[in-house]
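**Student:** The opening position of the sequence shown corresponds to residue 1 in the working numbering, with each subsequent residue numbered one higher.
For the record, the hints were derived by calculation from the structure and aren't laboratory data.
For clarity, every value in this text was computed on a predicted model and none was experimentally measured.
Among the hints, erroneous ones may be present.
Straight line, CA to CA, 20 Å or less: simulated EDC-like cross-link-like pairs of lysine to aspartate or glutamate [stated by the list, open to error]:
#: 1; residue 1: Lys33; residue 2: Asp93
#: 2; residue 1: Lys190; residue 2: Glu112
#: 3; residue 1: Lys19; residue 2: Glu9
#: 4; residue 1: Lys180; residue 2: Asp164
#: 5; residue 1: Lys30; residue 2: Glu9
#: 6; residue 1: Lys33; residue 2: Asp52
#: 7; residue 1: Lys180; residue 2: Asp191
#: 8; residue 1: Lys123; residue 2: Asp145
#: 9; residue 1: Lys30; residue 2: Glu53
#: 10; residue 1: Lys64; residue 2: Asp52
#: 11; residue 1: Lys123; residue 2: Asp139
#: 12; residue 1: Lys180; residue 2: Asp145
#: 13; residue 1: Lys30; residue 2: Asp100
#: 14; residue 1: Lys180; residue 2: Glu146
#: 15; residue 1: Lys180; residue 2: Glu120
#: 16; residue 1: Lys180; residue 2: Glu151
#: 17; residue 1: Lys64; residue 2: Asp36
#: 18; residue 1: Lys154; residue 2: Asp164
#: 19; residue 1: Lys30; residue 2: Asp52
#: 20; residue 1: Lys123; residue 2: Asp191
#: 21; residue 1: Lys64; residue 2: Glu101
#: 22; residue 1: Lys33; residue 2: Glu9
#: 23; residue 1: Lys122; residue 2: Glu112
#: 24; residue 1: Lys154; residue 2: Glu171
#: 25; residue 1: Lys190; residue 2: Glu151
#: 26; residue 1: Lys122; residue 2: Asp191
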Amino acid sequence: IVVANRTVERATELAARFKGTGVHIDEGLKRMKDTDIVISSTGAPHQILHRDEMVAIMHARRNKPIFLIDIAVPRDIDPRVRSVYNVFLYDIDDLQIVVDENAERRNQEAVEAERIVEVEVKKFFGWYQSLAVMPTITDLRRQADEIRVSELQKTLARLDHLSDTDQQTIEQMSRLIINKLLHLPTIRLKDVLNPTQDIQHLNSIRHLFGLDEKSKGEGRGE
């Protein structure tokens, strides 16, 4: 790293921060033949690097590519150096375009990130809110299975002539019937948007099926 300044002391002081070398600005221009990247930011009221000088520098470099970044206001480097082969000049306007493009890209990414967060938050709250109806779903399925088992035992007791295979078939059929009957109600209960506000609705379901009765056998018409 080479730092060039009109004051060598100032150049040396700044270069020390980057473990570089400080030189006079005239020496810095000479060293451009061995430099691939140049960042220029002086307070000069006029351009310090012109096209004809750049042509000579590129001749000394044997047209090896060089990147010039001019962040001075007013500009340090003659814009016409862009026409010199393998010279790539970027000034404040070019950098601003890059900044604007990056900002726009970040804004687009932020919008997409917000959309993803919103979707995931809705999923989370959907899951969290569904916890309120889980006890009702569990109790409803438990009660249905208790009734299934009780009635199945009574039926099989009267059909003791059936083979083990036939009895297993009937038992499996009873499970399928219960699952199909409770499938849609289970889904509808999970779809409740705000169970905490629909507590009356849940209470009505529990009352309808007698889920809060101490004796699960009451009101079943056994």
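**Student:** The structure should be examined with respect to each hint, and the outcome stated for every one.
**Tutor:** These are the hints, each one checked on the structure:
1. Lys33 <-> Asp93: violated, 26 Å
2. Lys190 <-> Glu112: The hint is violated at about 28 Å.
3. Lys19 <-> Glu9: Holds: Lys19 and Glu9 sit about 15 Å apart, inside 20 Å.
4. Lys180 <-> Asp164: Outside the cut-off at roughly 24 Å; violated.
5. Lys30 <-> Glu9: Cα-Cα ~19 Å, so holds.
6. Lys33 <-> Asp52: Since the Cα atoms of Lys33 and Asp52 sit roughly 14 Å apart, the hinted pair holds (cutoff 20 Å).
7. Lys180 <-> Asp191: The given pair, whose Cα atoms are some 18 Å apart, holds under the 20 Å limit.
8. Lys123 <-> Asp145: violated, 30 Å
9. Lys30 <-> Glu53: holds, 10 Å
10. Lys64 <-> Asp52: With a Cα-Cα distance of about 17 Å, the restraint between Lys64 and Asp52 holds, given a limit of 20 Å.
11. Lys123 <-> Asp139: The given pair, whose Cα atoms are some 25 Å apart, is violated under the 20 Å limit.
12. Lys180 <-> Asp145: holds, 13 Å
13. Lys30 <-> Asp100: Violated, because 35 Å separates the two Cα atoms, which is more than 20 Å.
14. Lys180 <-> Glu146: holds, 16 Å
15. Lys180 <-> Glu120: violated, 30 Å
16. Lys180 <-> Glu151: Answer holds: Lys180 to Glu151 is near 17 Å, not above 20 Å.
17. Lys64 <-> Asp36: With Cα atoms ~8 Å apart, Lys64 and Asp36 stay inside 20 Å; holds.
18. Lys154 <-> Asp164: The given pair, whose Cα atoms are some 16 Å apart, holds under the 20 Å limit.
19. Lys30 <-> Asp52: The given pair, whose Cα atoms are some 14 Å apart, holds under the 20 Å limit.
20. Lys123 <-> Asp191: Holds, at about 12 Å.
21. Lys64 <-> Glu101: violated, 29 Å
22. Lys33 <-> Glu9: Given that 20 Å is the threshold and the Cα spacing comes to 23 Å, the pair is violated.
23. Lys122 <-> Glu112: The hint holds at about 15 Å.
24. Lys154 <-> Glu171: holds, 12 Å
25. Lys190 <-> Glu151: Violated. Lys190 to Glu151 sits at ~28 Å, over the 20 Å cutoff.
26. Lys122 <-> Asp191: holds, 13 Å
Checked against the numbered hints above, the structure violates hints 1, 2, 4, 8, 11, 13, 15, 21, 22 and 25; every other hint is satisfied.
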